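Chains as they are written, first to last, in my numbering: chain F, 1 to 176; chain B, 1001 to 1645.
Treat the hints as calculated values from the structure; they're not laboratory data.
Note that the coordinates shown come from a computational prediction; the quantities given were computed from them, not determined experimentally.
Ideal Cβ positions, reconstructed from N, Cα and C, are used throughout, including at glycine.
There is no bait here: all hints are sound.
Derived lysine-lysine pairs resembling DSS-like cross-links, with alpha carbons at most 30 Å apart:
#	chain 1	residue 1	chain 2	residue 2
1	F	LYS3	B	LYS1344
2	B	LYS1469	B	LYS1344
3	B	LYS1334	B	LYS1344
4	B	LYS1415	B	LYS1469
5	F	LYS3	B	LYS1334
Okay, the calculated beta carbon distance ranges per label pair:
#	chain 1	residue 1	chain 2	residue 2	range
6	F	TRP22	B	ARG1114	42 to 50 Å
7	B	LEU1445	F	GLN120	50 to 58 Å
8	F	PRO54	B	ASN1157	44 to 52 Å
9	B	ASN1157	F	VAL14	35 to 43 Å
10	F	GLN114	B	LEU1445	53 to 61 Å
11	F	PRO54	B	PRO1510	40 to 48 Å
12	B	TYR1370	F	VAL11	14 to 22 Å
13	F	ALA110	B	THR1379	37 to 45 Å
14	F	VAL14	B	GLY1636	43 to 51 Å
Residue strings, one per chain:
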Amino acid sequence: MRKLFIWVPLVIFVAFAGLAIWALVAPPSRDIPSRLVGQQLPEFALDPQIAGRPGLSRADFRAGEARMINVFGSWCIPCRVENPQLVELARAGVPIDAVAVRDTPAQVQAFLAQYGDPFQRIGADPNGRFQVMLGSAGVPESFIVDGAGVIRYQHIGEIRPEQVPEIIEKWREASR
Amino acid sequence: MIAELGLLALWLAAGLSGFQLFAAILAGRGAAVLGEAIRPVAVMQGLLAAFAFAMLVWLFARTDLSVALVAQHSHSAKPFVYKLSGAWANHEGSMLLWVMVMAFSGALVALFERRLSAATMRATLGAQAIVTLGFYAFLLISSNPFERLATPAVEGNGLNPLLQDPGLAFHPPTLYFGYVGLSVAFSFAVGALVTGEVGRDFARTMRSWVLAAWVFLTLGIAAGSWWAYYELGWGGWWFWDPVENASLMPWLAATALFHSTSVLASRDALRVWTVMLAVVAFSMAMVGTFLVRSGVLTSVHAFAVDPERGTFILVLLGIFIGGALALFALRAGKIAEGSRFSWKSREASLVVNNVLLTALLGIVLLGTLYPLLTESMGTRVSVGPPYFNPVGAIFFFPLVLAMMVGPLLRWRDTKWTPVVQRLAPAFAAMAFVALLVVIDGRAGLLSGTGLVLAAGLALASLLPLARRKPWRAPLTLWGMVVAHFGLAVTLAGASAESAFIEERLVSLTPGESTRISGWDVTLRGTIPVAGPNWTAIEGELAVSRDGAIATILSPQRRSFWSPPQTTTEAALWTRWNGQLYAVLGEPAESGKRKVRLWWKPFVTLIWYGALLVALGGLLALSGRARSALRRSIAVGRANQRREVA
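All chains, full assembly: derive it from the sequences and hints.
So, in structure tokens, the structure goes:
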């Protein structure tokens, strides 16, 4: 009993040291995945962000078609970098809706005019409340929602050119 | 020149600690001359480290901007006190303070400890040398505080404004005295493991060191909690943040340790356990430092994060803790078993105390590391009060019961009936408070139980003084009574605050008022004010009851310009039965101002209790010092008599 007990502290320390080494070596990841992945979209209805383009609501995801939601802001630099890839995705047939976070109509218009306009609908999220509801911690983030309204995939950060095929593949999976 | 002198002293001190280590090893193999040198070398090393630290403080006092550390953390327009505290309010300076305290306590051990055998003493000072050598290496290789800039800076970066606060100027040094004081216990334990001499003398020698370190830890934790309470403006006093846990864990271990040393000193029992706790207590201090400094855990107040330094500290940890625990596992089996005792004895109650404290330590450690553990398996969680409070209470509440009973038990064996009779008033008080809590109905299960137990402990803690003349009672007994009573006070404050707290978050236009706990609080307006290195918006809140103005609260939002940062300065108004806590928020829509108010019943008891706990430790310590002094005088007289004869 005592023979065993005296080794316990050392064993605990070795376990701690192993964990600490892992924590020091592992690449620091600040991504916060949404808890909603694999679950139904919550009920929501966002006003249109710009004139002449419909806003976004839960009902738009009942049509039986897989769609992508892009959370962006005209003030966000990575979103500008990302936009050409979104245009490419739209050209490949992925229907993309957008949520503009803390933005103004004029600035969103200017953004779309300058960097391209891949969005079918643009909902306004003036105080970021819907973004929080989605479990999105920053911009840009993209969510792929299947025909039943279930979030299938979350992409954190900008979509890079080399990631476009992967996103199309995820969308196809959600479409099945 | 000052920086170079400091660096030179640091290198010399490091060299001496290396010499101290080798002298200890060689003397153990028969080189008696070297054995003679260990004590003076340890003293010299302590003086050099203190000199190096003094040089750093001087550099900060003069704001010598050719030194990188000063340029990064100081500013010529900073109040003088914060220029001084800037010396240790950064990674390099705090590590120098750490190693200075360590070397200095080593010097004190070398000067004053005469009770242990020469062999154990050598091994102890050898162990202290290994530990200090590791931290000297850390400083000199990866964190040199005396590094010069190629071209002197024109102006410094300033100190993080959150740290420009009297509470925080002295909180880190106090904690460090505690942490590092535990290194002495660690070295005694390693020394005792090397020679196998674990007995009453070992416990008596170590006891005062542990107690002193524990007093510092208690004060340091209380100061930190007070600072977080009024400076961060969140209204809470304990957040179970990794940095706070890092200071709580060594405190729990040290508490367990000095209780078990008292068993070892009085009854020669719990030998192996005490040695293990001595190793664990300092290990916890180092693990805490690692967690805070390496950045592996994210914390609200991680001020000096650097993964590379984390690696260095982890290597040190591996050598010190891994080495000491391996030594423990190999040698503890050879330590003869101590005395046995009945389960109805003071020893047994102290064993219960130790088991529960260790369980609490385990819970805090697990909760602190759990996010890391799950992250390594791919999920992210954060652990907070919903885990720590109830799970901690499972072990803390029985601990309070043990504190009520334990001091009334005798060593070896006790009859139950008289003890239960003596506790009758405490039980009555508990029943009465329980009744009040149930009738009132506001307190939850945890806070309600906390109030009941606080009442019981407050009364029971005084019982050991009841049947004797209080002025005749030894200081050590007074120490225990005051400390236990202080814990009851803290528990009462914490429970009352959580049970009866009131909160208001309102947007007020000037002239508008809100009501909290019977007080009418009116926002009269906001005015701009300026300080030495900040400007602020100050809210004027008139507090009144039945139309009569009682006080004016002036919470501020301060903007510091170097470094640029906004802090909230909460306004506190203390009454005998609680505190009104006001925070000025952002401007809201249409000329309104957000104001956050709390009424916190009896919240100040938390820190008054902590002060009593520390005072108890101080009383016990001075009791020990007095009897040590008497003993040495008696020995001196006996020697004189022998010489005369």
